[in-house]
Structures are given as C-alpha cells and as structure tokens.
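Starting from the known structure of chain A, arrange chain B on it as the hints suggest.
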Amino acid sequence: MSSFGSEERTLLNDSARQYFESEYSFARFAEHSAQHGGAGWNQQVWRECAKLGWLGVAVSDEAGGAGGGMTELAIVVAAAGRQLALEPWCATCAVALYLLEHAQGEAAGAQLQLAMNGELTPVLCHYEPHGGYARDYVKTVAVAEGDNFVLNGAKTFALHAGHADRLVLTARIGDAAGSLCVLSVPADAAGLRRTAGAALDGRHGASVTLTNVACPRAALLYEPGPDTEAHVQRALDRGALANAAEAAGAMAAVSEQTVEYLKNRQQFGKPLTSFQVLQHRLVDMSMQSEETRAVVMRALVAMDCDAENVQEIVWQTKMLTSRAAQAVGAEAVQLHGGMGMTDELAIGHYYKRLLVCASQYGDADWYAGQLSA
Amino acid sequence: MFIHQSELDHELEAFRAEVRGFCARELAPQTRSKMDLGQHLTQPEHDAWLKALGAKGWLAGKWPKDHGGLGWTPLQAAAFQEELGKAGTPWLVPFGVTMVGPVIYTFGSDAQKQKYLPGIVRNDTWWCQGYSEPGAGSDLAGLRTRAVRDGDHYVVNGQKIWTTLAHWADMMFCLVRTDPDVKKQEGISFLLIDMKTPGITVKPIVSIDLSHHLNEVFFEDVRVPVENLVGEENKGWTYAKFLLAHERVGVAEVGKFRLYLGYLDDMLKQTREAGVPLAEQPAFRTRRVELDAQLARLEALLADQHATVGENSAPSLMGAAALKIRGSELQQAILETTMDVLGRHGMAYQTDALLAGWNGDRIGPSQSAGLIHEHLYRRAATIYGGSSEVQRSIIAKGGLGL
Chain A
1 MSSFGSEERT LLNDSARQYF ESEYSFARFA EHSAQHGGAG WNQQVWRECA
51 KLGWLGVAVS DEAGGAGGGM TELAIVVAAA GRQLALEPWC ATCAVALYLL
101 EHAQGEAAGA QLQLAMNGEL TPVLCHYEPH GGYARDYVKT VAVAEGDNFV
151 LNGAKTFALH AGHADRLVLT ARIGDAAGSL CVLSVPADAA GLRRTAGAAL
201 DGRHGASVTL TNVACPRAAL LYEPGPDTEA HVQRALDRGA LANAAEAAGA
251 MAAVSEQTVE YLKNRQQFGK PLTSFQVLQH RLVDMSMQSE ETRAVVMRAL
301 VAMDCDAENV QEIVWQTKML TSRAAQAVGA EAVQLHGGMG MTDELAIGHY
351 YKRLLVCASQ YGDADWYAGQ LSA
Chain B
1001 MFIHQSELDH ELEAFRAEVR GFCARELAPQ TRSKMDLGQH LTQPEHDAWL
1051 KALGAKGWLA GKWPKDHGGL GWTPLQAAAF QEELGKAGTP WLVPFGVTMV
1101 GPVIYTFGSD AQKQKYLPGI VRNDTWWCQG YSEPGAGSDL AGLRTRAVRD
1151 GDHYVVNGQK IWTTLAHWAD MMFCLVRTDP DVKKQEGISF LLIDMKTPGI
1201 TVKPIVSIDL SHHLNEVFFE DVRVPVENLV GEENKGWTYA KFLLAHERVG
1251 VAEVGKFRLY LGYLDDMLKQ TREAGVPLAE QPAFRTRRVE LDAQLARLEA
1301 LLADQHATVG ENSAPSLMGA AALKIRGSEL QQAILETTMD VLGRHGMAYQ
1351 TDALLAGWNG DRIGPSQSAG LIHEHLYRRA ATIYGGSSEV QRSIIAKGGL
1401 GL
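Protein chains in written order, with the working numbering: chain A, 1 to 373; chain B, 1001 to 1402.
FYI, nobody ran anything at the bench for these hints, they're computed from the structure.
Treat the numbers as computed from the prediction; the structure is a model and nothing was measured.
C-beta atoms are modelled at their ideal positions from N, C-alpha and C, and glycine is treated no differently.
All clues given are correct.
Here are a few chain B residues that face chain A, going by a calculated C-beta distance under 10 angstroms:
id: 1; residue: Ser1207
id: 2; residue: Glu1273
id: 3; residue: Gln1281
id: 4; residue: Asp1340
id: 5; residue: Asp1352
id: 6; residue: Ile1372
id: 7; residue: Ala1380
id: 8; residue: Tyr1384
Just chain A, same shape as in the assembly (with noise of 0.2 angstroms):
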C-alpha cells in the first residue's frame, strides 16, 4: 500500500511531466536510440532520476525506498513513455527492484540499495526461446555442485538486458521439471553469452545463453517454492501494468499531437480537422487514450490495494491496452499521412514504441488466451 497522500501523487506526477519534458526532447531520443547507433539509453538521465528518489519510488521505506506503490511507479513511467524515454523504467523499476526487494538471499539488499541509486542496473531475463510469452515455460536449469550453482540455457531477446550489470534469471533446480528459482547474477559472468542489439523502438536489448554458468549459492533470490512461484507471477504483472503506464503516456503524447498536427496542416484550403471524418477519427484516438488512462488507473488501485482479483484486472488492463497501443499507433501515422512515415518525425517512433509496449510481457490475444483458460 502506497503512502503518497494524493498532494504528494500530484507534485511527484507535475515534475515526472516536467523534467522528463524539458530533459528528453525528441532530439535527445534520436541521439541515444540505439536504432540511430546511440547507446539505447541515457546514463545521465538515469542517475538524475536516481537522485531524485524515482528509482525506487515504488520499493518500501523499509527497504530503503520512497515507500510508493505501483502508482508513484506508473505516474513516472507515464511520464517517460510520453517522451519515448528510453531508460530500463519498467524492466529495472518495476520488475527487477521488486524481486530484489522481496528476496530471501542476503546479497539482495545491497543490490538493491544499488539499483535505487542508478549505480547497477539489474534486469530480469525470463521468457525462452520455444516458450513465447508462456509464463512457466522455464528450461533453464541450475544444478547444485559443491557450493555453486551451475546454470544451462538460453533467454529470449530481453529489453534492457544489453547494458544491464546484473541479470536475474529464472531457472529450475535440478533439471528441466525441477521447482522454479530465481537468481542474480554478473552479466559478465564467465559462460554468459549476451547477443545484443537494438529493439524495434530504439531500445537496447540482449537474448542470453548460459553454458556452464557457475555462481555462488548466495545468488540465489528466491528458493524454489510456492512463494517464488507467486513472486515471480508478480513480477510479471507489473512488468505488464507498468508497459501499460508507459503506453498509456506514449498514446496521451501521439494523441495530442496528432490533433494538433491535422489543426495546421491545410489541404483542399482548409485545416484537415475541418473534415467531419478525420474529426472523428481524432475522436477515437483519443477516446482510446483516454480509456487506456482509466483502465491502468484501475488497475494500479488494485495492485496497490492487493485486491483478491488483481491478476484477473491487470491482464485485462495489458488486453485492452495492448489493443489500443496498436491501433493508436497505426492511427497516428495514417492521420499525419506520409510525415508519420519518416524517421526525422517522433510519429513513427510512438508507432513502434507502442508496438512494443503492446508486445511487453505478451499481447492481447496472449491475456485473452489466459482469461479464458
């Protein structure tokens, strides 16, 4: 349960939009896109955003945190996803912190404190190749020899995990059908082969195998248990609730600028947003956008609230959302018409953006598929 008052959700929502507004200009994106050769994301950023307490926004004052909850998290993913930021906000903040924060093993606490301060960048690789967006589809193996584990298998191409200093990984002890765990290890680890490259939306990323893997039993996150099963489920969720904040704020941004952009743009003598047609379509867009706002906020609530039905809520919010990325983003690139098909204009890179958001810890057939199980 988060204890931002909702004075404190609005200052930290009014200066999230401020700083990630004058800080990431579209400029600044196409300078550290990894599709443009940059680095995929900003260092700089990440550390100011470390100082100003966001990282751990959402990790508990106990823990060392700002003692939010998924909302305070949301509010600034909403914000950087409005400016197509590219930093590891829902990969590190909300999947990888809160593993790191609810860990049994010792080694936790300080990596967290860690990633907090921008200092390590840990990331979770989960889904395998064979296993698609499957949740307990885990092959990897860990097998115990002497005081080490000893890890084999191959992770599916992973936002983030290019740059990240720690991968935590889900494996099984044992051997294939052995109980899920979950550990933390050196992304440089000898055995660990990262084959990096740049994501659809300029992100960078990296699918993993592991041969040989060696790594001391302390890192170890999670033993294998009922208990690990459920946290990594939850990790799961928020990873897709937080891709749905990050959506909703890419559609709000694409959605304002498409409207403005069909005020300006003159065709047959008029403004296009004259055309009855287009004004509806606009409509629509936006109306998605707005939807999109609701459905998350729900969601959010009942992530924070542990409702009974949070899971149930959260994948209809990553369905929906999904649905509406995809088609907001398409929308968006028809409206501007061939100026949304150009890489000099931020358009097209909030269609791809979405389109990964939209595919983010499975799309919306896959949480159909689930809900009707």
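Same frame as chain A, now just chain B:
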C-alpha cells in the same frame, strides 16, 4: 448479378506455368537469397531482373503491340503480376511501365513515343514520379511547383516529396503548375524531366523502417525543353487521373500477399509458445483462415473487375479504389499478424541484417529483420498512391454519386 462467364482458361494456366519456370530459372541466386531474407537490393541487381523481363518482352507485356508490348489481356497481365509476386521476385517498379508509359503512348507525341517507350520496355531507363509536394498530398491538385515558359524551355522551380527511387531514376514524370490563375486542376501540365538536368537536388528521406526508398526532390531554375511536355499545356490533370487509375490496380498485388502468407506460415511454424508451434494454436489458426478468406475475397473482387472492364480500357475508378483500399488493408493485416508472432522473439530489429554479407549473430528467425522492415514500410500502403481516405472519397463521389 452473377452473370460473368467463368471457365478454367487452359491457355492462361500454361502461361502461368511459363512465368513460374522463368522466375525459377532466371532470377540470380544472390538476388533470390536477398529477396528471401528481405534484404535491400542494389540497383544493378534490381536492374538485371527487370532487364531479363524486358528482354523477354514481358515487362511491357500488357501494352498494345503497336507500342512494343505483347497485347496481353488484363487477365493475362494480372496472372503475370500474380506469378511474379508468388515467386518473390524483385518489385516490378511501376513508374515507367505502368504509369508514364501508358500516358506517353496514349497522349504523347510521336517523337516522345520513339524516344521513351523502348527504354521502358527494356528497362534501360529508370523513372520516378514527381507528384506529391509538401503542401499537396491528399489535395494533389494543390501542387505549387511552377513551370514558366522561356523560349523553347520551361523553367521549373519548386519541390516534390515522397519520390520513391528518385535516387536511382534517370527520368521523372512530373506535374507542374503552368497557369496559377485558373481553377487549380486546369493549370497543371505533365512534364518529362531528365534527372541529370542542372538545378535538381535529390535529398534522401529515411523512413520509419530506417531505410532509404523515399526522397525529396528540389528544382531550382531547372530548364526543361518544351518538347518534354506531354499532350497539351494545362491538361496535365487529365493525364494524371488516367494514370492514377492504372496505379491503383498495381497496388493490389495479390501474388505478393500469397508470398506474405507463406512467410507468416514459416514464422508460425518456427515460433513456439510453451513448446507448441503457434501454427497449432487455435487462436492463430483462426486468424490465419480469416486472412486466407480475405485474400480470396480480394482475388474475387479483382476477377470481377477484370470481367467487368473491357479489354485495354482503364478499370472503373470505383472498382480500382475499392481494390486499393482492400488490398492495402489486407497487406497490413497480414504483416500485423506476422509482427504479433515476432513479438515472441522480443522485437529486436537488426537493420544490419538487411544488408547482404552481414555475418553478425541473428536474434530470432532469419527472416525477422526483413519482415519487420516490410511491416514498417507497408504502414504507408494506406497512404501512398492515393490514401485510403482519398479512395473512399473517390467511391463516395464517383461510385455513389454523393
């Protein structure tokens, strides 16, 4: 309703087989492998293929025999295009053979026919289309590029945008304003411009797929001989409309959609969820049959068009517009489904993999970069060649009389 004859045409089937054989034999292996991976072709690679079609007479097979064509029926022309599409051969660049060629042999002078048509038939000349301008998109007739008569030349000043392959082109067919004082459609002329003329600057536009297909073209006191005017001065809009009808049919490339569906099937087989190929998942199987049915519908619409229009006449605007709308929408739907599959590989987009000879480590299936590129580029399918909005207005006006 339902009155058209429909019989299996054995001659047409034999022709299809001949085209298939040609594609299998004549496409250079390096080009074939690049096409399979969705990699960028160089101009010489692309040119070699179009010249092979040209040498066979097929490039302009749909043209009347008098002008260097083979006098194919619309049905045969469609079958040709479909087989090329299914075979995954390089894009049949339409600017010469489908667009300016028919304008020249319909409205051009004898001198223009002699000078330009052979180069189009053999693909010795690469053409580009100078239509859109920064201020003239949907409202194409609002174009502002000026051509002012000066002795035996026009002096052209202005700018074109979204000019596909201008950087490869030898010639541009261009709409210019020759009379600014009349109704906007009545002051437009159709000029043929040599791209090497001093004063022309081609500036690349990188599109969202991070590739260079599109350009801006700037004209600064570009002197174009008056003999390069097609038809009459200020009648250019008539020729432009004639050409747009041709362009729209070209956009419904049903053969290529079959190819796309084939790639989608590959991805569905290669991509697994919880260890099970997506090809076996009910949800994807449902989407897949929907796409199949939509393609069948598009093919039916196309066949209906061919049965309706007379030989050698341009298709009705209404039908052409409907084909353009449905074709571009289906193309996007297939590629969106493909993207939904590729999402399971994490959405890496390795643009280096679009270059031949790249030896880096691939992330995800080998075709994924090519398919993502295609998806992004075809976002424009509902924008270029007359946007879906423009097409709907055409149907509203021309088809429904609204």
